[in-house]
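Engineer: Residue numbers (the UniProt record's numbering), protein chains in the order written: chain H, 1 to 380; chain D, 1 to 192.
Calculated from the structure, these hints are not laboratory results. Misleading hints may appear alongside valid ones.
[To be verified] With the C-beta cut set under 8 Å, the calculated list includes, among others, these residues of chain D facing chain H:
#1 HIS49
#2 GLU165
#3 ASN183
Ideal placement from N, C-alpha and C gives every residue a C-beta, glycine not left out.
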Amino acid sequence: MVLERGQVANSWRTERWDSLRLLTPNWLNRLPGLPYDGPDPDGYLAMGEVVALVERLASVTAAPVRTETAVTSVRRTDGGYRVTTDAGEIEAGTVVVASGAFNRPAVPPLAAAVPASVLQVTPFAYRHPAELPDGGVLVVGASASGVQLAAELARSGRPVTLSVGEHVRMPRTYRGRDVLWWMDASGVWDERFDQVDDLDRARRLPSPQLVGTPARATLDLNALADLGVELVGRLAMVRDGKALFSGGLANVFALADLKLERLLDAFDSWAVGAGVEDEVGPPERFAPTRVPASPRWQLDLGSGAIRTVLWATGGRPDYSWLDVDVLDAKGRLRHEGGVVDSPGLYALGLPVLRRRRSTFLHGIDDDARAVVEHLAGHLG
Amino acid sequence: MTVTENSQQDGRTADNGVDVEALLGAREVLKGAPEAAQFTWRATSTWTHGVHSTSSIENYFGLGEEQHHKTRTTFDIDHPEVFAAPDNGITPIEFLLVGLAGCLTAGVASVAQNRGIQLRSVEATVEGEHDIRGILGADPDVRNGFNDVKVTFHIDADASKQEIEALVAQSQKRSAVFDALTNPTNVSVEVA
Chain H
1 MVLERGQVAN SWRTERWDSL RLLTPNWLNR LPGLPYDGPD PDGYLAMGEV VALVERLASV
61 TAAPVRTETA VTSVRRTDGG YRVTTDAGEI EAGTVVVASG AFNRPAVPPL AAAVPASVLQ
121 VTPFAYRHPA ELPDGGVLVV GASASGVQLA AELARSGRPV TLSVGEHVRM PRTYRGRDVL
181 WWMDASGVWD ERFDQVDDLD RARRLPSPQL VGTPARATLD LNALADLGVE LVGRLAMVRD
241 GKALFSGGLA NVFALADLKL ERLLDAFDSW AVGAGVEDEV GPPERFAPTR VPASPRWQLD
301 LGSGAIRTVL WATGGRPDYS WLDVDVLDAK GRLRHEGGVV DSPGLYALGL PVLRRRRSTF
361 LHGIDDDARA VVEHLAGHLG
Chain D
1 MTVTENSQQD GRTADNGVDV EALLGAREVL KGAPEAAQFT WRATSTWTHG VHSTSSIENY
61 FGLGEEQHHK TRTTFDIDHP EVFAAPDNGI TPIEFLLVGL AGCLTAGVAS VAQNRGIQLR
121 SVEATVEGEH DIRGILGADP DVRNGFNDVK VTFHIDADAS KQEIEALVAQ SQKRSAVFDA
181 LTNPTNVSVE VA
């Protein structure tokens, strides 16, 4: 059975902002037994459409979902696990933890030093610009969420400052194809978790600076600067009501630009080897990220110029209900490709769980097959 | 001091004189022993005369115990004649430039070793832009420290321009002094 604390696709219904669309194009959102068959393979699903997709999956597969059933505890027993829910107890031989990697916003402790006059929000609670007070916004974090919300808030007429640490730069399209087509086709996403050079780093990688829009527009830092967004370094400290930013902004730009160049080089040589040169456009290279002449390294949060701080600093999993000793020192699940460090316990739906593609919706297909195979073997 | 990312490139070997295996080994060990990774670096300073002082470095704490350098090193710190001082040594703020250059250069060598890139020469020029009206108290709107620091590397190596730029970028990413200069640090000064 499948236990769901709310309705099917709960977090897509309740923890996403209004304008959000998936980063992956529709044709890539194939789910087990549910290939994309709609009219817009290159489009990106809005949240209501994602909910409909997951509901359709539940119905097509006739998954035995128990909705409105929150798990409050999972404990080892002699034969497996005792799952306690707000609707009673269940004995289970095996348990698959599929509660996601982003249950709680990961707001840094320095948030406590932000003056009380400034509203603090996270993408979990943010819905649309009109909810925020008029006036300046400091967006902290430049992953997909950070760049999308910085753009949306700048377009709403608010002065936006974006604090940028290490990030992943990507064009929306490359040589006429969605950049994620390249990731998929070239085999980048096929890299297995046990082949990844630095797995810990791969699993912590911020989401790429992408947005799903009908125009397939690139939303990199240059595009944000063109919208009037002020780019500043990583937020290092809030002292005496002042936000202090790292002076190393130029280097995080250089790191991301160089990494993008290496990725495009790899795509180009793959295209030659795979014989698809004639099916795609000519190679492209993108202008380096423009470094502001003298990036600001402090911002007075008490002056009234900044009315909101938006923490686009990612999320972390919530395993407070998991009463089994399987977490590492940083509160992450100890597992080998989804096989958790406790017999009969499994995980699905985590970043780079078994391959790089595990991070994305369609990665569940292969992952589920592999994990279920192990699980069936465990049950004998 | 830097520790490189693990990205040995296939088939390339180089001898830059950096024991990358030892560093990578230490990284693995310290992942599971964070308390051994806590170091304390120390300098002691004695006033000589005027704005001249000498600073010595010999001991530090690390890997759970007191450690010491092979020899005690003493530095003269003074100010130049344009500051109406006898110039017995470099100015304190110049020591920051020395530290930054040394740290980034060590990083370039380590990352190059790890990536199998043979270096032939590495030269760095570090320039700190400093408006001294701050320290003189001549203008309260001028800060005491550097307004801007610029590092220029000239690197000759068996590598493409892109690979050399990546060496320098990775070196900054893992540099203790780059971090200490670009990010705020709590500093407490007490009278014992």
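Engineer: Mind listing which of the numbered hints don't hold for this structure, in increasing order?
Structural biologist: 1
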